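Asker: Here are the chains, one letter per residue:
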Amino acid sequence: MLRIFLLGLVFGIALTMGEIISWFRIQEMFYFESFHMFGVIGGAMAVGMLFNLAARRFKWGTESGAPLDIHQYTTGWKRYIYGGTVFGMGWAVTGACPGPLFITLGAGYWPILVAIFGALLGTFLYGLLMKHLPH
Amino acid sequence: MDSGRVSRSSSAGDRAEVMHTFDPWPWQVVGPLIAGVMSSLLLIGKRFGLSSNLRTMCSIAGANRFSDYFKMDWKSQSWNLVFVLGTIAGGAVARFALLKPGPVIINPKTALRLRAWGIDDAGTSFAPDILFGPEAWSNPAALAFLLIGGVLVGFGTRWANGCTSGHAISGLSAFQWPSLIAVAGFLLGGLIVAHLILPLLIPLL
Numbered sequence: 115m116l117r118i119f120l121l122g123l124v125f126g127i128a129l130t131m132g133e134i135i136s137w138f139r140i141q142e143m144f145y146f147e148s149f150h151m152f153g154v155i156g157g158a159m160a161v162g163m164l165f166n167l168a169a170r171r172f173k174w175g176t177e178s179g180a181p182l183d184i185h186q187y188t189t190g191w192k193r194y195i196y197g198g199t200v201f202g203m204g205w206a207v208t209g210a211c212p213g214p215l216f217i218t219l220g221a222g223y224w225p226i227l228v229a230i231f232g233a234l235l236g237t238f239l240y241g242l243l244m245k246h247l248p249h
Numbered sequence: 015m016d017s018g019r020v021s022r023s024s025s026a027g028d029r030a031e032v033m034h035t036f037d038p039w040p041w042q043v044v045g046p047l048i049a050g051v052m053s054s055l056l057l058i059g060k061r062f063g064l065s066s067n068l069r070t071m072c073s074i075a076g077a078n079r080f081s082d083y084f085k086m087d088w089k090s091q092s093w094n095l096v097f098v099l100g101t102i103a104g105g106a107v108a109r110f111a112l113l114k115p116g117p118v119i120i121n122p123k124t125a126l127r128l129r130a131w132g133i134d135d136a137g138t139s140f141a142p143d144i145l146f147g148p149e150a151w152s153n154p155a156a157l158a159f160l161l162i163g164g165v166l167v168g169f170g171t172r173w174a175n176g177c178t179s180g181h182a183i184s185g186l187s188a189f190q191w192p193s194l195i196a197v198a199g200f201l202l203g204g205l206i207v208a209h210l211i212l213p214l215l216i217p218l219l
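Quick mapping for you: the protein sequence lines, in order, are chains Z and C.
Residue numbers for the first sequence, in the working numbering: 115 to 249.
Residue numbers for the second sequence, in the working numbering: 15 to 219.
These aren't lab readings, by the way, just hints derived from the structure by calculation.
All of these numbers come straight from a predicted model, not from anything done at the bench.
For glycine and all other residues, C-beta sits at the position ideal for the given N, C-alpha and C.
Be aware that one or more of the hints could be misleading.
[Said to hold, decoys possible] With the Cβ distance kept under 8 angstroms, some of the chain Z side facing chain C (calculated, not the full set):
id, residue
1, R117
2, G153
3, A221
4, A233
5, T237
[Said to hold, decoys possible] Partial pick of chain Z residues on the chain C-facing surface, computed with a CB cut under 10 angstroms:
id, residue
6, L129
7, I134
8, W174
9, E177
10, G190
11, V207
12, G213
13, Y240
14, G241
All chains should be built: construct the whole structure from the sequences, respecting the hints.
Answerer: Printed below as a string of C-alpha cells:
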C-alpha cells in the first residue's frame, strides 16, 4: 500500500508540476492553441505503448507471477462515444478530469470540492439511469 | 537552469532556499512519468484508472441501496483510494513546496479570449480566481458551473467506463479500439462546449 501511495504521490506531483491541473491549460487544449496537453497525453501513451509491446514480447507478468491486468473493454461503440462526449463536455467546463479533480484539491483550490461532489452525483445518476441508456 | 538543485548544506536557511524553486515541467518529463506510474501499477498487479474511484466512493457512501451498479466489493478497490490519497498529497507537495509561484503561461490568444469573457486573470494566474479562488464561494453562478461540470464528468466517465487515465493512456497504449472511440468522444464533447457553450456561459459568472 505504501508503494501505491507513493505512485499516487508521483502522479499528483507530475500533473501539478506539468500544470495539467490548470483550468487554463484545458481551455488552451480545446482550441488547439498549445501542444503541451497533447504532448503530455500523447507522450504518456507512446511510452506506455513501448511498455505494453515489451511486456508482450518478453512475457512480463506481475510481481506475483500473474498476467498483467490489462483492461479488455467490451466491444460496441455506443457507451464509448456517448459517455466519452458527456465526459469531454464536463472536462471543458471544470478543466479537470477525474485525476486532476482530486489533485486540485490537494493543491488547495477548495471550490473544486463542488466539482468533486458533482462528479459523485453524476456517478450516482449514472447508476440509477444506466439500464435506460444505450451501451 | 539549476533552479531545482538541492543545496548540500543542512542549515534551515539553505533548506528554505530549495522551496518553490522548480519551474513547471515540460511535457517531455510529465508524459513519460505518467507512463511510468501506469506501468508500475500493472507490474504490481493493479490497473491505472482514476474514474472507477467515483463508483467506489458512491458505493461506500451507501449508493448500493439504490442501484445494483454500486453493489460491489469495494474493499478490493480500496488500493485505488490509497492511490487517490497519494495524488492529493502530491498536489499539495508540488504546489506548496516545489513549484515556483507564478502564472501558467498560456498562449496569448487563449488569454485574450478568456479575458474578453471576463476571466480577468487569464495569463497572470495558475487557476482563474472567479472559479477556484475564495470569492467563488459567494458566487452562485460559479458554484453551479462547477457542479454541472462535475456531474458531466462523473456521468460521462462511468458511462464510457473510463476517463483520460483509463482510456486515453491505459487503453490506447494497449491498442484497445473502444478507447479510441471514447477518446474521440472526449475531444468532440470538449470542442462543442469550449467553442459553443463556454462563450455564452462564462460571461454570466
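Asker: Checking each numbered hint in turn, tell me which of them this model violates, lowest number first.
Answerer: Hint check: nothing fails, all pass.
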